[in-house]
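Here the protein sequences come in this chain order: A and B. Letter by letter, the first sequence follows residues 1 to 451 of my numbering. Letter by letter, the second sequence follows residues 1 to 462 of my numbering.
Note that these hints are calculated values from the structure, not bench results. Check the hints yourself; a few may be wrong.
Here are the simulated lysine to any residue pairs, SDA-like style, with alpha carbons at most 20 angstroms apart [to be verified]:
#, chain 1, residue 1, chain 2, residue 2
1, A, 310, B, 209
2, A, 122, B, 60
3, A, 438, B, 244
4, A, 446, A, 258
5, A, 161, B, 186
6, B, 252, B, 49
7, B, 244, B, 46
8, A, 161, B, 278
9, A, 310, B, 152
10, A, 161, B, 60
11, A, 127, B, 313
12, A, 438, B, 278
13, A, 438, B, 170
14, A, 424, A, 280
15, A, 424, A, 322
16, A, 447, A, 257
17, A, 161, B, 244
18, A, 161, B, 455
19, A, 122, A, 47
20, B, 97, B, 209
21, A, 161, B, 331
22, A, 438, B, 313
Quick caveat, the model's predicted, so the values are computed rather than measured.
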Amino acid sequence: MTAYTRILAGLTVLTISVLVFAVATPARAIEIQRVVSPGGVEAWLVEDHTLPIVALRFSMIGGAATDPAGKEGLANMVSGLLDEGAGDLDSQSFRRQLEDNSISLSFSASQDSFSGSLRSLKRNQDKAFDLFHLALTEPRFDDEAVERIRAQILTGIARSKNDPSSIARRTFWASNFPDHPYGRRSGGEAESVGAITKTDLTTFVNRRIARGDMVIGVAGDISAAELAPLLDTTFGDLPERAEAFSIGTATPAALGEIIVVDQDVPQSTVVFGHRGLPRDDPDFYAATVLNHVLGGGSFTSRLYQEVREKRGLAYSVFSYLQPLDHAALWLGGAATENSAVGQSIDVIRSEWARMRDIPITQEQLDAARDNITGSFALRFSNTGAIAGMLVAIQRQDLGINYIDERSKFFEAVTLEDINRIAKKFLDPDALTIVVVGKPEGVKPTKKPDAG
Amino acid sequence: MRNRSKTNWRGRVWPAIGGSLTAIFLFTGIAAQPADAQIFNPTTYTLDNGLRVVVIENHRAPVVTHMVWYNVGAADEPPGKSGIAHFLEHLMFKGTKKRASGEFSDIIARNGGRENAFTSQDYTGYFQSIAADRLPLMMELEADRMTGLVLTDDIIQPERQVVIEERRSRTDSSPRALLNEQVTAATYSNHPYRLPVIGWEHEISALTLDEIVDFYNTWYAPNNAVLVVSGDVEPEEVRALAEKYYGPIPAKTLPPRVRPSEPPQHAPREVVLRDARVDQPSWSRRWLAPSYVSGETEHVYALEVLAQVLGGGSSSRLYSSLVIDQALAVSAGAWYSPDNLDLTTFGMGVSPRPGVDVDKLTTALEEQVARFLETGATAEEVERAKQRLVDSAVFARDSLGTPARIFGAALTTGQSVEDVEQWPNRISAVTVEQVNAAARAILRPETSTTGILLPLGKDGRS
Numbered sequence: 001m002t003a004y005t006r007i008l009a010g011l012t013v014l015t016i017s018v019l020v021f022a023v024a025t026p027a028r029a030i031e032i033q034r035v036v037s038p039g040g041v042e043a044w045l046v047e048d049h050t051l052p053i054v055a056l057r058f059s060m061i062g063g064a065a066t067d068p069a070g071k072e073g074l075a076n077m078v079s080g081l082l083d084e085g086a087g088d089l090d091s092q093s094f095r096r097q098l099e100d101n102s103i104s105l106s107f108s109a110s111q112d113s114f115s116g117s118l119r120s121l122k123r124n125q126d127k128a129f130d131l132f133h134l135a136l137t138e139p140r141f142d143d144e145a146v147e148r149i150r151a152q153i154l155t156g157i158a159r160s161k162n163d164p165s166s167i168a169r170r171t172f173w174a175s176n177f178p179d180h181p182y183g184r185r186s187g188g189e190a191e192s193v194g195a196i197t198k199t200d201l202t203t204f205v206n207r208r209i210a211r212g213d214m215v216i217g218v219a220g221d222i223s224a225a226e227l228a229p230l231l232d233t234t235f236g237d238l239p240e241r242a243e244a245f246s247i248g249t250a251t252p253a254a255l256g257e258i259i260v261v262d263q264d265v266p267q268s269t270v271v272f273g274h275r276g277l278p279r280d281d282p283d284f285y286a287a288t289v290l291n292h293v294l295g296g297g298s299f300t301s302r303l304y305q306e307v308r309e310k311r312g313l314a315y316s317v318f319s320y321l322q323p324l325d326h327a328a329l330w331l332g333g334a335a336t337e338n339s340a341v342g343q344s345i346d347v348i349r350s351e352w353a354r355m356r357d358i359p360i361t362q363e364q365l366d367a368a369r370d371n372i373t374g375s376f377a378l379r380f381s382n383t384g385a386i387a388g389m390l391v392a393i394q395r396q397d398l399g400i401n402y403i404d405e406r407s408k409f410f411e412a413v414t415l416e417d418i419n420r421i422a423k424k425f426l427d428p429d430a431l432t433i434v435v436v437g438k439p440e441g442v443k444p445t446k447k448p449d450a451g
Numbered sequence: 001m002r003n004r005s006k007t008n009w010r011g012r013v014w015p016a017i018g019g020s021l022t023a024i025f026l027f028t029g030i031a032a033q034p035a036d037a038q039i040f041n042p043t044t045y046t047l048d049n050g051l052r053v054v055v056i057e058n059h060r061a062p063v064v065t066h067m068v069w070y071n072v073g074a075a076d077e078p079p080g081k082s083g084i085a086h087f088l089e090h091l092m093f094k095g096t097k098k099r100a101s102g103e104f105s106d107i108i109a110r111n112g113g114r115e116n117a118f119t120s121q122d123y124t125g126y127f128q129s130i131a132a133d134r135l136p137l138m139m140e141l142e143a144d145r146m147t148g149l150v151l152t153d154d155i156i157q158p159e160r161q162v163v164i165e166e167r168r169s170r171t172d173s174s175p176r177a178l179l180n181e182q183v184t185a186a187t188y189s190n191h192p193y194r195l196p197v198i199g200w201e202h203e204i205s206a207l208t209l210d211e212i213v214d215f216y217n218t219w220y221a222p223n224n225a226v227l228v229v230s231g232d233v234e235p236e237e238v239r240a241l242a243e244k245y246y247g248p249i250p251a252k253t254l255p256p257r258v259r260p261s262e263p264p265q266h267a268p269r270e271v272v273l274r275d276a277r278v279d280q281p282s283w284s285r286r287w288l289a290p291s292y293v294s295g296e297t298e299h300v301y302a303l304e305v306l307a308q309v310l311g312g313g314s315s316s317r318l319y320s321s322l323v324i325d326q327a328l329a330v331s332a333g334a335w336y337s338p339d340n341l342d343l344t345t346f347g348m349g350v351s352p353r354p355g356v357d358v359d360k361l362t363t364a365l366e367e368q369v370a371r372f373l374e375t376g377a378t379a380e381e382v383e384r385a386k387q388r389l390v391d392s393a394v395f396a397r398d399s400l401g402t403p404a405r406i407f408g409a410a411l412t413t414g415q416s417v418e419d420v421e422q423w424p425n426r427i428s429a430v431t432v433e434q435v436n437a438a439a440r441a442i443l444r445p446e447t448s449t450t451g452i453l454l455p456l457g458k459d460g461r462s
């Protein structure tokens, strides 16, 4: 659950005469081509021949949330093993091909998605696509590699059990989704990771990796004509469809609870949240603006101003929207001295209430929106990020013109929208608050769920 | 760093700047390219008041990164005043004679910009990334706070708490970070690099307004700064803007950067931290090593290659022997960052597999290192390492912020623009003999410090 969208924003009432608010259209230089290979594999492409670099990303629906019970961590383990030997190349040979050719190739699994990433110098492009194809279609899962990666994952799990932020996140999700895959760690537990067999790994690859369920983004020094045949050789022999799976929709269960996990540290880590909006909700843009004012804008948000700037209670405090495929949340976090945790929570709740109860002004709306639209161009700063953007737009079904249209969606947001959303969603009493540390001034209402 | 670096988009960490309080930017792979190519082709000039300017053109998107780097960091703090450079970095956002506290950030936010700041042992930097046509505004704001900062006790008190919370987040909450702080303190006997950049808590708590203002007045000046502009700009326009906004600021008489230097070291040190929060042990060792500009500098480029041969990737010596062949470790690597003004370190680190005794792993590592020192690297290993480093140059250009960070760090740690541009050629010229000579010169027990992180109670050692 590490991937989340957090856009910088700003609030504030300002009268600065020197400013001109005509915001540059960020990505005006970006033209997306839809490339369909002779074999029917589709990718979106942004050609850019400035540097001899080619980047590809893909994402498939279905990630850790589809892991079978007792085998939690399977998708993650597969992602760690696809680049550890494939075809005729054992792990060392495969890794060495990557390293000697300066090719970056990796896979990852979130709760909702299984994703891949490839980056290469132009001169090694064909080799890079070959290795990517091999990894996707003929992973070896040799015993040595399986046990080595398993040991690495187990070490990571052991470390995360003592890390305050990991404990806080994990407790939050487990408490809110006790009967849903989102309540489980996407990387699995020691026991479930220990139970994963080579057959499980192979079965995942055979059933879950399919070209029809994949969205692909490519950017850099490659033309559409050059890319089309590469799409066929790379993805063409994957099955058309992945095996169907079903995951129920879930809503947070631990409404308004305060959960304390005792840990002997000088500073408490706080995670809080309640329900949010799915990405395809028409109000998502208004909610994004609202969240910027509340806790999304880095140095200008209300939470930052009230908790950090005015009171010096925390180094970091923030909120963000977390729309997943099967649940939507409005989340936040802070880290604050044990003796000040009660006060910090009071301030966060009162800002949550103020945001709900007192309408924001047009000036505040404009300031937040100007930041959101004006900073968009900064996301196109490298080849891999552009390929990633193409994947995200397809994954969320935003349309091939989204980059041009995005500003319009935000410009259409009205004060009425914002204040309506605030009343509908923001509820300080519904916030589930998880604290890890030795907090003072905090009365737990619920014990942490085991696990 | 002024704020958490979670400015993520879909999990991709936006330029890794200031992710740590030490200088991490250059690591081993600044950038390089096959022989004789220029990497970044910057335009450089110096204003009459001594401000050095570097412009790197990048016209891929209509955006710009604007950075000001000061030649002052934690290692320049007066004795007993640790944390002052970093505390001041926070306070630089608090307003000037012309701008109220927070106004700076409000203006940047309103204009769609992102900003942050960072402090290392050797430099302090401030940056904004924003639409290219907002560059004049960024210069106006940054030039204003170069000399116009206004501080009072009321301003510094809440921020002091923020800094202490930052210390708790970064260091006190993490056994790994606490050990690292202790190892650093043991690595240098006399040089101020032994002190944490963020400062010791009792010294942060005692810093006074006057001390902070003195530090600012002493070091923040155009002739002690480097302006780096990277993005969709024309060098001559940047020059005109820099003249307009930074040009009028008078130069100051700067004190010399005098730092106590490191005496010869005679005994290896070992620091062990046991903590209830540790499940999995880890081990690292650092050796005192030259930087680009200090110590036995003839070994620097060879050491960059050495770090790759020993610990760069899974085909490296350490990973292939300890993680794959002997199956003792879950991770193994080596690192070396020569972009320090004074002596740096060459490091190696490993974590045992669950159930493997950390001493057994350490013995295996020492055997590998001893064997390497005896027989040396192969020609093939060196060639592969050099190719990877040289290739990394192209990737370094694939970013708005990376080239700016590379020049800022280089110029504030005693290197020249030419040094950066020649980096791939110098890497390419490294020979097997030089790698072996560098390893033998640097990997000596008496200049090493070892850090071991262990669980409490149940022992990871025999």
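Q.
Could you work out which of the previously given hints the structure breaks and list their numbers from low to high?
A. When the structure is compared with the hints, numbers 3, 5, 10, 17 and 22 turn out to be violated.
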